[in-house]
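Let the sequences and hints guide you as you build the complete structure.
There are 4 protein chains.
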Amino acid sequence: MKAIRLSSPGGLDLLKLTEMEAPSRPRTGEILVRLHASSLNFHDYLVAIGKIKTEDGRIPLSDGAGVIEAVGDGVSDFAIGDHVVSCFFPKWQDGEPTTSGFSTTPGDGIDGYAREKVLTPANWFTLAPKNYSHCEAATLTTAGLTAWRALVADGGLKAGDSVLTLGSGGVSVFALQFAKAMGATVIATSKSDEKLERLKALGADHVINYKQHENWGEVVRKITGGRGVDHVIEVGGPGTLPQSITACRIGGHIALIGVLTGVAGTVPTAMFMGRHQKLQGLVVGSRQQQMEMVRAIEATKFQPVVDRVYPLRDLAGAFQREEQGVHVGKICIEI
Amino acid sequence: MKAIRLSSPGGLDLLKLTEMEAPSRPRTGEILVRLHASSLNFHDYLVAIGKIKTEDGRIPLSDGAGVIEAVGDGVSDFAIGDHVVSCFFPKWQDGEPTTSGFSTTPGDGIDGYAREKVLTPANWFTLAPKNYSHCEAATLTTAGLTAWRALVADGGLKAGDSVLTLGSGGVSVFALQFAKAMGATVIATSKSDEKLERLKALGADHVINYKQHENWGEVVRKITGGRGVDHVIEVGGPGTLPQSITACRIGGHIALIGVLTGVAGTVPTAMFMGRHQKLQGLVVGSRQQQMEMVRAIEATKFQPVVDRVYPLRDLAGAFQREEQGVHVGKICIEI
Amino acid sequence: MKAIRLSSPGGLDLLKLTEMEAPSRPRTGEILVRLHASSLNFHDYLVAIGKIKTEDGRIPLSDGAGVIEAVGDGVSDFAIGDHVVSCFFPKWQDGEPTTSGFSTTPGDGIDGYAREKVLTPANWFTLAPKNYSHCEAATLTTAGLTAWRALVADGGLKAGDSVLTLGSGGVSVFALQFAKAMGATVIATSKSDEKLERLKALGADHVINYKQHENWGEVVRKITGGRGVDHVIEVGGPGTLPQSITACRIGGHIALIGVLTGVAGTVPTAMFMGRHQKLQGLVVGSRQQQMEMVRAIEATKFQPVVDRVYPLRDLAGAFQREEQGVHVGKICIEI
Amino acid sequence: MKAIRLSSPGGLDLLKLTEMEAPSRPRTGEILVRLHASSLNFHDYLVAIGKIKTEDGRIPLSDGAGVIEAVGDGVSDFAIGDHVVSCFFPKWQDGEPTTSGFSTTPGDGIDGYAREKVLTPANWFTLAPKNYSHCEAATLTTAGLTAWRALVADGGLKAGDSVLTLGSGGVSVFALQFAKAMGATVIATSKSDEKLERLKALGADHVINYKQHENWGEVVRKITGGRGVDHVIEVGGPGTLPQSITACRIGGHIALIGVLTGVAGTVPTAMFMGRHQKLQGLVVGSRQQQMEMVRAIEATKFQPVVDRVYPLRDLAGAFQREEQGVHVGKICIEI
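Residue numbers (this note's numbering), protein chains in the order written: chain A, 215 to 549; chain B, 215 to 549; chain C, 215 to 549; chain D, 215 to 549.
Source of the hints: derived by calculation from the structure; they are not laboratory data.
All values reported here derive from a predicted model rather than from experimental measurement.
Do not rely on the hints blindly, as some may be mistaken.
Note that the list lumps identical chains together, so a pair holds whenever it fits in one copy or between two copies.
As the list claims (entries may be wrong) - In silico lysine-lysine, BS3-like type, Cα no more than 27 Å apart, as pairs:
id : residue 1 : residue 2
1  : 436       : 305
2  : 436       : 515
3  : 265       : 216
4  : 344       : 436
5  : 265       : 305
6  : 267       : 331
Next comes the structure, spelled out in structure tokens:
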């Protein structure tokens with residue numbers, strides 16, 4: 215069977231299909247999955263260009279979706295033919311997070327899903343939403359679950375809450391969609407009017423071109439009648455956090471997800487404190503949260519935004535699009 | 215101005231309009247409200263027929279909606295012309311409940327809103343949803359807030375959750391609507407196929423005629439693939455609670471609201487315990503919860519179900535309809 | 215090695231030591247535990263007398279404590295020589311409960327710890343508190359964890375809260391001790407003045423002889439200045455629940471644990487509802503909660519109350535004491 | 215009666231007693247309090263030296279404790295002779311915070327308690343703990359409630375949790391005491407070995423001299439076996455936050471309270487995010503939380519640490535001690 219393995223030192227031009235041995239039959243508690251799709255995340259990009267170092271020969275890509283071809287003894291949750299999607303932290307089944315870092319994450323600490331088949335413990339995957347294609351299902355592992363956990367598991371989102379999303383990346387678009395599916399109001403930002411139109415069409419109640427409004431935090435306050443939003447999906451990191459604090463209400467919740475603008479920076483701690491705000495750092499979520507998200511998607515029936523689909527053999531081309539930052543929603547890979 | 219005052223011993227035939235002095239101008243912290251609508255609840259009915267004893271001459275009806283005609287000094291939340299709706303527990307502003315009983319409830323322990331005008335502390339009312347008529351707004355004080363608190367404040371409802379509602383009374387229909395507005399799945403019951411059609415049209419995903427299924431709890435389990443529902447809006451009380459426990463999932467939440475089938479009865483405590491369920495007793499909610507509900511309604515834009523509207527002078531006729539139990543949604547009063 | 219196996223139909227007189235093959239060496243993820251102690255619970259008693267039916271030859275006793283003799287590959291949490299204690303629901307590692315019934319519980323659905331050694335997946339045990347003997351550690355699996363979960367995980371106990379405990383069984387005494395260790399006030403009941411003295415010595419702030427006070431719920435209200443307690447550890451079940459509802463404050467929490475007085479009974483649902491109370495059914499807890507409890511015990515350094523210790527060969531004698539109901543705290547078994 | 219009024223521009227040398235008219239009798243809902251004590255906080259200091267600007271003639275000091283001399287109509291919570299203590303945010307009675315800033319805080323936006331008597335709405339005070347002197351009670355308004363809210367209301371502290379406190383100021387010492395009263399483990403830091411001895415005597419399980427350990431965050435990790443603490447009481451602000459993030463466990467809670475090291479600074483956001491930590495900004499708490507804290511103090515019976523007591527006429531001297539930063543616990547004022 216075919217797979218992509220990373221060389222070291224790496225680079226996008228080295229992402230080539232190679233042959234590897236097909237996996238054997240599942241043992242007790244295992245499943246054999248024929249993978250049909252994956253999708254790209256900023257974390258996969260950092261791995262692919264070698265900025266995050268991994269073992270030589272690592273198979274990249276954290277997201278994986280496909281069909282179960284065989285099940286081992288003792289597997290009761292799945293049957294042959296089930297459509298399934300992979301977990302970002304396969305060892306984090308439920309409860310509070312207990313590990314940091316990516317040593318257990320497919321496509322980083324362990325082999326990922328840029329391959330045709332995988333033999334894996336059954337509880338490293340969950341069922342995919344019934345109404346999703348494999349490409350759509352693959353967007354859930356990282357981007358979908360991050361947005362779901364931030365808003366629902368951590369944020370306790372309820373109808374009538376207001377949510378601020380930054381940009382048009384995968385997490386932000388999912389956050390917009392989950393928020394609208396649960397009756398919240400969404401304010402979305404982008405530097406491109408064209409993308410803002412797209413976000414409006416997806417349900418954003420208000421949009422802000424942050425190139426035209428350096429103090430976009432104040433614009434958000436004005437839109438909310440001076441109150442500020444209940445939740446900020448902060449994917450920018452330290453470069454945008456000060457404006458996010460301005461935009462957030464007294465007692466509000468900022469989900470700190472991003473490293474797009476760096477790994478450290480100046481934060482107005484006194485303003486944050488004086489407004490009794492909560493900053494919740496997070497990286498994706500647990501398998502239990504993924505199952506709850508899948509249930510929510512089946513009930514609300516929205517489709518994820520797929521920017522463009524590439525074949526696995528053109529993984530390099532897909533990452534080049536990610537690099538350009540012109541996409542809206544998720545760049546997908548067909549296997 | 216006109217009002218209705220209860221006589222003792224009472225009865226529906228004694229509900230007559232009387233003249234009373236119009237209220238004076240608001241003092242510090244007060245507002246003057248021209249009431250335009252109210253709506254009926256089972257609690258109002260028990261008061262009206264004298265089954266709940268109140269002071270002689272009591273003005274009935276807990277729900278009140280109207281327009282602000284004058285504001286006293288120090289009132290910053292409201293302005294003349296604002297559409298407002300009354301609070302069931304005017305002294306319970308925020309936080310956990312601290313009183314039981316109805317000594318502070320308009321239409322029971324204190325005078326209610328079966329009158330043309332009321333002079334009141336400003337924080338005994340909240341703004342009404344912008345998209346609601348007075349009649350629609352009046353349905354929120356008791357029925358709307360009970361459903362909102364049960365599902366959202368107490369239940370932490372999220373998209374993908376499943377909700378079981380019993381019958382087609384005001385609370386159950388509101389619960390159905392809030393649940394659908396937040397992406398949940400709803401199973402509704404009734405003894406009438408006609409009403410079940412109505413509930414389906416309002417968004418119910420599954421319906422059960424409980425006259426045809428004595429063990430409707432088991433039917434709910436079957437519909438949910440054996441799992442049981444996440445939330446039960448238990449308006450029946452002891453007569454229906456055993457089936458509700460059967461219908462509810464392991465670790466699930468039953469909101470105990472009703473006294474329709476009595477004030478005490480046999481409960482299968484061991485089954486309830488063995489399934490790690492939570493039974494949360496509740497009576498309406500706080501003013502803060504009401505403000506959050508109004509925000510949710512403005513964001514999700516659904517209209518409440520108004521069964522029929524009666525003029526205040528025909529309050530007796532309105533209660534007769536309540537007595538017959540043929541209504542779906544709320545019986546309203548125009549003042 | 216030696217073990218006790220249940221015959222069917224059973225009875226205390228049939229609890230005899232038998233010989234069985236010693237377990238082999240641990241495979242990947244497994245540990246070999248030399249068991250040194252167990253303790254008795256009402257659930258074990260029902261199994262032993264055959265009131266709860268189990269497979270023929272079942273090894274009884276859910277509680278097990280001992281020393282690790284060997285560890286398999288991939289076990290990182292434990293080392294040879296570690297003192298460990300068993301989990302009541304070995305498959306419930308973390309998060310919300312997902313199963314009811316006892317099909318995965320040692321000593322019921324699977325073999326328990328009335329034996330000298332056990333080979334088991336490593337995550338079916340946790341570390342024991344450093345300051346505990348094996349007998350003391352064995353009391354934690356069922357009684358200790360039930361009390362901990364009820365008060366801390368479910369109840370969110372904080373200093374200054376008031377807790378009502380019923381009787382002097384294992385769960386109630388543990389609840390008293392955890393409550394005192396966290397700065398709460400405890401009201402304890404018993405039908406024996408001698409036991410009440412014992413409970414006072416253990417820290418109970420107030421005691422009530424419920425034989426002398428049929429309406430002991432009212433006595434609790436009086437002790438709390440009319441407010442009622444924040445938490446009730448309701449081990450009695452339907453026979454005591456009405457008094458517990460009376461004793462509990464508005465918005466208070468009743469942990470429903472017991473079946474001592476039956477599996478169903480009359481509950482004053484309207485009073486419960488009118489007081490906005492919460493009834494939380496529970497059966498023991500998760501492995502994660504057990505680890506948190508062990509940490510709490512090491513920090514607060516209290517010892518559990520061991521009523522009497524029996525050798526494994528006199529398991530029948532131990533159960534006879536359980537049957538008499540004269541014990542305070544836990545009856546232990548030395549293996 | 216006597217009071218101190220601030221002049222503008224201010225300074226400690228201008229803190230002089232002046233005469234003012236004694237308050238009249240309480241109207242409906244009001245109480246008359248004879249103040250006997252206050253205590254100093256960093257916020258009071260910033261007001262006193264004019265760094266926080268207030269209205270000319272403002273009476274300083276947020277903390278106030280004394281005895282009720284008269285009660286108006288409709289006051290049911292208090293009686294003449296009751297010992298009471300003031301609230302930092304008198305308008306924040308319960309629920310989530312709704313205001314930032316100090317416009318409603320006595321001693322800043324409105325007159326404080328550097329005076330002999332005050333006529334005030336009854337719900338601007340709570341009962342004081344029965345076992346506290348007036349000086350001790352006065353320490354609760356700001357420092358006590360900040361520590362209580364951070365650990366208990368926001369942090370959900372439970373026995374066995376680990377808590378890191380910074381320095382020996384009022385909030386940190388209260389946090390140490392509440393943590394120990396609830397069965398937690400405490401690691402305390404200071405730059406003075408003498409103060410560390412004092413903190414040990416108060417119950418600190420581990421102490422660190424941060425002058426000798428620049429990377430004290432790593433020292434905390436080592437003490438906790440690499441796990442990190444559950445809660446950090448971060449009174450330093452941006453200057454200490456990076457070390458606090460290092461010291462805190464995966465999924466842990468950092469209460470951001472302080473501005474001692476500035477109002478903004480560099481934060482390692484990626485490390486914070488990668489560890490799934492929560493940063494909760496806070497300023498004191500609600501009246502409801504204060505009542506819960508008082509109940510906790512009465513149940514656990516610990517006394518606050520009073521550094522030194524000054525008479526009101528020597529308020530300047532008291533602030534000079536605050537300025538020197540040599541105190542442990544609270545500097546109190548007798549009126």
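Hint by hint, here is what the structure shows:
no., hint, in the structure
1, 436 with 305, "between (44 Å within a copy, 25 Å between copies)"
2, 436 with 515, "between (33 Å within a copy, 22 Å between copies)"
3, 265 with 216, "within (25 Å within a copy, 58 Å between copies)"
4, 344 with 436, "between (41 Å within a copy, 19 Å between copies)"
5, 265 with 305, "within (24 Å within a copy, 39 Å between copies)"
6, 267 with 331, "within (24 Å within a copy, 45 Å between copies)"
Every hint from the earlier list agrees with this structure, and none is contradicted.
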